[in-house]
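What follows is the residue order along each chain.
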Amino acid sequence: METTSSRPVESVTPSPSPPTPRPNGERGAITSPLSPLGRGVGGEGTPPLLLFDRVSKWYGPVLGVNQVTLELRGGITGLVGAHRAGKTTLLRLATGQLRPDLVDVSVLGHDAWTERGKRLVCYCPDIDAFYEEMSGEQFVFTMARLCGYDAAEAKARTAAALDTVRMTGRADRVLRGYSKGMRQRIKMAQALMHDPKLLILDEPLSGIDPVGRNEFIALYRQLAERGKCLLVSSHELDELEKLTDHVAVMARGRIAAVGTLTQIRDLLDDHPLSVRVDAERARPLAGALMALPDVVGVELRDAGTLIVQARNPRRFFQELTTLVLEEGYEVSHVETLDDSAEAILGYLLGGRARR
Amino acid sequence: MSQALGTEDAVPGTRTPSHLRAWLYLVGLSLQRQMRFRQMVWIALALLAGSVLLVAARTATGRWGMHQWRMWRGVAPVSFESILDRVTAATEAGAALGLPTSAGQEAVLMSFRALLDQTDFIVLSTWLVFGIFVSFLLPLWSLSFATEALGGERESHSLLWLLTRPLPRPAIYLAKYVALLPWALALNLGGFALLCLAAGRPGPQALRLYFPAVLCATLAFASLFLLIGAYFRRPAIIALVYSFFLETILGNMPGTLKRVSISFYTRCMMYDAAQSYGVQPEKPTVFLPVDGTTATCVLLGLTVALLALGMFLFSRTEYVAVE
Amino acid sequence: MGVHLLNYRPWRGEFKEPSASVWPIARVGLRMMFRFWPFWVIYGLGLMIFLLFFFGQYLLAWAETQTAETDVRVGGFGSADPRVLIGVLRNILKLNGSGETYRNFLWYQGYIVMVVLALAGAMLVGNDVRHGSMPFYLAKPLSRWHYVLGKCLAVAVFINMMTTLPALALFVQYGLLDSWDYFLDHARLFFGILGYGAVLTVTFSVLLVATATWLKRTVPMIMTWATMFLFPRLVAPLLVDGLHFDARWRLIDLWNDTYLLGNWCLGIDLEQIRPSPQPAFAEAAAVVVILCAVCLTYLLRRVRAFDIVK
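Residue numbers (the numbering used here), protein chains in the order written: chain A, 1 to 355; chain B, 1001 to 1323; chain C, 2001 to 2310.
These are calculated hints, taken from the structure and not from any lab test.
Treat the hints loosely; a few may be bogus.
Said to hold, decoys possible - Computed beta-carbon distance windows for the label pairs: (1) C:Pro2135 to A:Leu102: 38 to 46 Å; (2) C:Leu2176 to A:Ser332: 38 to 46 Å; (3) C:Leu2243 to B:Arg1208: 21 to 29 Å; (4) B:Pro1168 to C:Pro2237: 48 to 56 Å.
All residues carry an ideal CB built from backbone N, CA and C; glycine is no exception.
Whole structure, please, built from the sequences with the hints as guidance.
Structure representation (structure tokens):
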């Protein structure tokens, strides 16, 4: 951040100018515009539901999350990124399981590490561990009791939550024998049970059958319509695309881009990109590449290496593939030289931009 | 999906959640979940059964006192009891022959016999209480439940559910301690009582005198091992190293270094309680015991201090499953 | 040809015998243990006894050169009569390069070996069962015996790191202090140490793998292990020395059984073994063999059914 005086960060109304994908996530606060579904919580005066303010977290010498700034006020936000990009770390910071090394994570103005923060968040973890000897119903009930509700209240909440995830009547068996999908539903039920404004879901759709997925996606949309704020992580963009248009892309511990998928795609098209291409007949390939409309420059490094400057990456990679196949060039290596851009592209292009 | 969505609509009269209620429930839950460690309970009970059998066997053979202990081993082994019997017999024979028997002589013989009868308590203390119970059973039983309380949840990754509940972390730690106490106390005190009962005549006395020491030691050990469980990833191993390596080595070393070990204060409390019955350390000048009140204060103080330290550490440590 | 096919290369190597998997299985386990810092702390504690013997031998060799003096200074601790010093080192610690030296060393290592093995059992086998890595092993073209052997091998490495190797180091050191002839004259001791080491290795690796397979969870495993080792070690002397029960009661102490076998390997007479009386060598051997057989039978029945019936 250039100035620290302007905390808390900018506005929450859908910004007229699309947020810029920032390959280096530390520059500038990234504000979440409302997704089309969300109603939003509060206005300028109230603290945001979830606020990461230049948060960093180290695991020993490894940087897990690097200067992440993120503000959520409503709607559904998808969090995508490769494995080990820092998604889970980010979510664990938000649910108070990890403490940031630099600056705090706050939930409605309360530190996420404290119990006041935790009361305002519900969490569906990615870890598949329960009190295995309990039945699904007992488990949700136990979680309700541990939130401080009395028995009657906890019972009512459990019934309602199980109904929501369509586990009514199926939740009386011991958890040990559940399928992956049923376990996922129980996790979801315990998250919904204490009904906070902010829901943090770590890979909630993994292991669920397609029918169940659609049910869950519908559920998330309904929750958002009721004014809940959802932060949903997934490593599959296709999955998230059905749910929300608004995503944050994580790469190597940073938020590489935030915005709607269309915005990110459009902006990437204008974002010049350096691509390294190793080929046997480098010189003729360079000539052929220059003929492509999206290539703005080609540099011949040494005998077999080209550095290509391209403008519209999506189209460029399509054209490159066609060219190589049709003309029969022996290409041994293609690599995007920009880390963050590579990660974003990896997701937006379905893996084609990666090695 | 369903209409029940947004549970606030579905739940009649949203009552405010209470921290205390949640904490009490957690205590109950933890207490109940300890029952699940069946293997552990069985092993502990098997160990208890074995020890009780051993003690009972000794009681049955009537070998607690020093009556059968022999003098002049290797030359002409004679047991204390037989000497006493012979002296008594000789005195009586002399009396029958009309030799004068002084009242003093009678008194000496009687007090010697009374002393010999009391030795069973000393033998029981050295053999059972110090030899087996304090140096082995007490630490092992305390270790089992105390390291499993947090260590077990960490091992099965279910600690996550507690840590994401709206409960202050020190309260979670305290709940675990409170929940493990009934088990540890039942095992340690109950086990000790059983062993004492199996020991016959000197048993109740031993139970009465050593009961407070066992209680204090259980509190302190539970507090220490729970702390180890909160701090180390393999608490049981660390606790094992501590109790059977450090405590054993330190506890038997000359000098004051052993004053960092819990078993030292336990022994001191016991020696202090049984002082008038002739129970004392083998080499008091090497053992350098502290008095009973100090030992009790140290053990209770240690319990509180370790508990506080544990609460502090637990509230600052991150427990996430390592891939 | 599609571009994506370029990445695919069929496996062209040749598979080795399943027996080649034993060492990798062991190696994985060893690496896991070596990365765990408390292991090194415990190992360091175990080395303390070794260091005592190691420098004791030096001290003895040095004191023997000082017999002409009546009074020598020992470090900064004060002075002592060299003959007394020699007497203490020779007769009490038995630092005289005889079989008793190595036997005593191995006997004193008992506690720490027990602790290291408890750790090893919990980490090597318990982990596989608890975290479900068992199917990965059993799905490979190797039989359960290779798995068991691999784990036993890893355990064996730890046992030997604590016992045989330091004992051999003491042997070499004594030879160097004494004369080269020592190695020739006492070649039997060399094989005796190896024999003692082998007895320890076989007995404890099999026993440990069986216990860990049976109990899986760390705490019960450690409790059982402690019960098997510490409890008999406390009780057996009380029974035999205190209550004058039959010397065969010492057989319940497994460390004592292997100790007897070790004495036999090192050629020490039964009468000279303290504490006495001791049961016969053959009886100790019978206990060890029966125990190993039971453990192996258990493993045979157990490793098969492990994950199918959970």
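- Query: Is the distance from the Cβ of proline 1168 (chain B) to the Cβ of proline 2237 (chain C) consistent with 48 to 56 Å?
  - Reply: Holds, at about 50 Å.
- When you take the CB atoms of proline 2135 (chain C) and leucine 102 (chain A), is the distance between them in 38 to 46 Å? Holds, since proline 2135 (chain C) and leucine 102 (chain A) (Cβ atoms, about 42 Å apart) stay within the stated range.
- Query: Do leucine 2243 (chain C) and arginine 1208 (chain B) keep their Cβ atoms within the hinted range of 21 to 29 Å?
  - Reply: holds, 25 Å
- Query: leucine 2176 (chain C) and serine 332 (chain A), beta-carbon distance inside 38 to 46 Å?
  - Reply: Cβ of leucine 2176 (chain C) to Cβ of serine 332 (chain A): about 59 Å, so the range 38 to 46 Å is violated.
In terms of the numbered hints stated before, the structure departs from hint 2 and from no other.
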